[in-house]
Amino acid sequence: MCGLNGKPIMDADSLRSLLRDNSIRVIDVRRKEDYKKDHIPKSVNLPLADLLSDDTPERVLKLAQSLGIDDQTPVVAYDDTFGALASRVAWTLQYLGHRDVSLLEMTYTQWKTLGLETDSNEPSVGTKTHSIALKPEIMATADYLEKVKENKNVIVIDNRERLNYLEQHIPGSINIPYRTLASEDKILRPKDELKRLLQNRGISDNAEVITYCGSVGTLSGLAYYALKSIDHPNVKLYVRSFKEWKNLNKPIVKQENADYWDLSAE
Amino acid sequence: MSSTVVKPVRDSKAPKINWARTEEAENFAKTVKLFRQGKIDPDSFRRFRLQNGAYGTRMTDDYAMVRIKLPAGEIYPNQLEKLAHLSEAFSIGSAHVSTRQNVQLHWVILEDVSEIMRSLADVGLTSREACGNAVRNVMCSPLAGVCGEEEFDATPYAIATAKFFLRNPLNQALPRKFKFNFTCCEKHGMVRMTDVGLIPQTRSVGGNTQRGFKIFLGGGLGNKSFVGHQLEDFTPEEDLLYTSIAVLRIFDRLGDRKNTARNRMRYLVDQMGWEKFRNLVLKERAIVRATQSVVVTLDIDDAPAKISNPIRISGSDGKSVPDGFSRWRKSNTFEQKQNGYHSVSLTLEAGDITANQLRALADVCREFSAEGYARTGFLQDMLIRWVPESDLAQLYSRLLEAGLANPGSLTMVHPVGCSGTTSCNLALTNSHRLAKEIQRKFLDLKLDEDNDLRDSNIKISGCPNSCGQHEIATIGFFGGGGRNDKDMYPVYQLSIGGRSDGETMLGVNVLRIPAKRVIPAILKIIETFKAERRQNDTLKSWIHKIVTGHSDTSTKSVADIKKILLPLTVVPSAAEDKDFYADYGSDSSYHTRTGKGECAA
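If you're matching them up, the sequences are chains A and B in order. Numbered per my numbering, the first sequence spans residues 1 to 266. Numbered per my numbering, the second sequence spans residues 1 to 601.
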């Protein structure tokens, strides 16, 4: 369902050889002006804002097709924002029903820091035909979340920063800030570390996990792929996240009686 | 997912000592699980947690504060970068520099503490015995080695003492915590306000110079504070370890294990009387000296520091001197005894520093410090030492980019504020935010530029305990609650005249000032001083004369100061002034709320 060899994360070496073979579509999820300067060779540009302006399946289908993606095209996404924006794009394609999507293991800056190939040419791609086979099992809505969050087997993970979580969060959710997920030079920690982190937090392999973040499911999208990278079977992204939850006036809790914001040097 | 592409490692100085043990992280993770499963009782778990450097957090059992020990305050670039990462991954995106040269990560989920310990071990750092009833972080003046007043550099002795006691069974279950402070000289230390304080001394014996220390015992700040006593004229360096062991043994044997609120060693000394205690120490030391195996020694690495001016990536750009440089230079740099070198102190707000600033600081150390690492200080501050004078302007520019170039670090404009209600169970007020508010206001007023205020300081605690060290402040405050009929408001007890130098004394209480009147009160004291001062007076010396009864100006006594400030204690009604009833950092009305402290646990 995701990535070549069934892996949701693609390493730089593999991507480079696939690029040589011309057998992959790489999506650069940065702003247009950044992409125009330089990017990974042969990659196409899909700024996240462009996707988010309308991410209905019909629109996403058109986008995918215009980027030259058919049902069989392996897709790799990257960004320069911890992998969070790329995660949101990858997840959206997966939700559409695309079976072979993965994230590049590093950000564009990390790629460049290593001295790997970049290019400023924009490839011309022909439109392809893609089908729609939505995968509702990877998406959580507010109603669904509210219905299942008390279930013993369900774990809701808030991927925002600690202070935002302390200030307000969905009752019963636990906090794993998105920064926890990365290693120093990759968008995600090695598998054994991620597994250990989750084990420490009491998240068992058979739990149903729902991730959310501030507004559009980017940071929580990264968490979705972190869990997928260690083969967690049942993960859903609450893609409309806390912004919608608040707007719907769903219950919120706060860590009371402490002035934690004043410890921040921001 | 492995990749053959490897990032090149940047050249920088590596830590000399590995303080860590990875297995302690594994053990911590296991023990937390057992605790959560109810297989370990809460008291045993608390002791274990504290011994490993994880302190409780305000009103919750889900979070901990991880205190990372930095013996003598030394911290290397890769360690700064690690702290940056850990603060983002497991804490609030900022780290906090304490008054005892530790770095603290707050609001850490208890289940993540072991991950922090594991990562710390990657860079040789530990939180072991940073809390609990053990020998805490061994402090050493951040100017040791560069101070013109010092007899010799105490740093290797501080490091050796830390090495000797860390994980040593001698100090795993003391009656209470135990603190060593080394200093460079009288002026830059706090040797009389700690269990064992040490100042380097030398004497001439048969034409040779002998190294040793002036040792002070039984001092300390707290709910009840005491000034330490000098053990003897001169303690030769061979006796340093024997003396330390002897004192610890006596405390271990005689310290009060029942009444944990009054059992720091200073209470034992007070109760027993200094002469009796002193004789006990000298006797015990003779026994230790006679019975210790010759292999029991301090491992003193006295090799001269490797000083090499760094090769800068950016190079001197010959640009004009940036705005604010001379103001910053005046209040943030210290001329070293080594010709041409300066130590640079950073102005932090109550010790807080962001992850990105920690990263910037790591780069700054690599690029500007000839010793290649930084030190934490005693004032919630950090220092970069061994900066060639010709690099100061460029260093300042770099700090500007990182938001670390505020002036005032070595002046009154750098108040100490304990964590207060931001995280501490015992706190009654938001002393942390108050320290920040004072700093912002006083920087606006450019009080850092005023030479008369330079040697004064402001220190704030959020409760009567002394984590904010208010009792040794020129102007000190501790927090509490005031009441006007049904309404409560935050209030601070003001004390003046405290100091921790050669003339160490505790501040004298003046009166209680409402939190929202604290800044006007300090300004009123300054204004009075300015109007009355004699030619050579500084604020500190003027206050010293008042509290010791030697005033030669019209403000004769503490009672006079009280009279001047009294108008600021007038309490408005809640309808008149709602803000008066809210503490800093809060927009709701004030009420006191505390949990159980763990200092004595």
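If you are wondering where the hints come from, they were derived from the structure by calculation, not from laboratory data. Keep in mind the model is a prediction, meaning the values are calculated, not measured. It cannot be assumed that every hint is accurate.
Stated by the list, open to error - Computed beta-carbon distance windows for the label pairs:
#1 B/G38 with A/E184: 28 to 38 angstroms
#2 B/P304 with A/E122: 36 to 46 angstroms
#3 A/E184 with B/E389: 27 to 37 angstroms
#4 A/K37 with B/S326: 51 to 61 angstroms
#5 B/K187 with A/S204: 51 to 61 angstroms
#6 A/D34 with B/E401: 43 to 53 angstroms
#7 A/E266 with B/D299: 33 to 43 angstroms
#8 A/E146 with B/S589: 45 to 55 angstroms
Stated by the list, open to error - Chain B regions said to be covered by chain A (calculated; three or more residues, Cβ under 8 angstroms):
#9 55-69
#10 149-160
#11 348-360
#12 412-426
#13 429-439
#14 527-541
Glycine included, each C-beta is placed from N, C-alpha and C at the ideal position.
| request: Could you tell me whether the CB distance from B/K187 to A/S204 stays inside 51 to 61 angstroms? | output: Holds: the Cβ-Cβ distance is about 58 angstroms, inside 51 to 61 angstroms.
| Counting residues of the stretch 348-360 of chain B with a beta carbon closer than 8 angstroms to any beta carbon of chain A, are there 3 or more? | With 6 residues in contact (Cβ-Cβ under 8 angstroms with chain A), the coverage given for the stretch 348-360 of chain B holds.
| Counting residues of the stretch 527-541 of chain B with a beta carbon closer than 8 angstroms to any beta carbon of chain A, are there 3 or more? | violated (count 0)
| query | In this structure, is the beta-carbon distance linking B/G38 and A/E184 contained in 28 to 38 angstroms? | reply | holds, 37 angstroms
| Outcome of range test on Cβ distance (A/K37, B/S326; 51 to 61 angstroms) | violated, 40 angstroms
| field | Range agreement (Cβ of B/S589 with Cβ of A/E146, hint 45 to 55 angstroms) | value | violated, 33 angstroms
| Should the hint that A/E266 and B/D299 are 33 to 43 angstroms apart at their CB atoms be regarded as holding? | holds, 41 angstroms
| In terms of beta carbon proximity below 8 angstroms, does the stretch 412-426 of chain B have 3 or more residues touching chain A? | holds (count 5)
| At a Cβ distance under 8 angstroms, does chain A reach at least three residues of the stretch 149-160 of chain B? | violated (count 0)
| query | Per the coverage rule (Cβ-Cβ under 8 angstroms, at least three residues), is the stretch 429-439 of chain B covered by chain A? | reply | holds (count 4)
| query | Okay, B/P304 versus A/E122 on CB: inside 36 to 46 angstroms? | reply | violated, 59 angstroms
| task | For A/D34 and B/E401, compare the CB-CB distance with the range 43 to 53 angstroms and indicate the outcome. | result | The hinted range 43 to 53 angstroms is violated for A/D34 and B/E401, with Cβ atoms some 22 angstroms apart.
Hints 2, 4, 6, 8, 10 and 14 from the earlier list are contradicted by this structure; the remaining hints agree with it.
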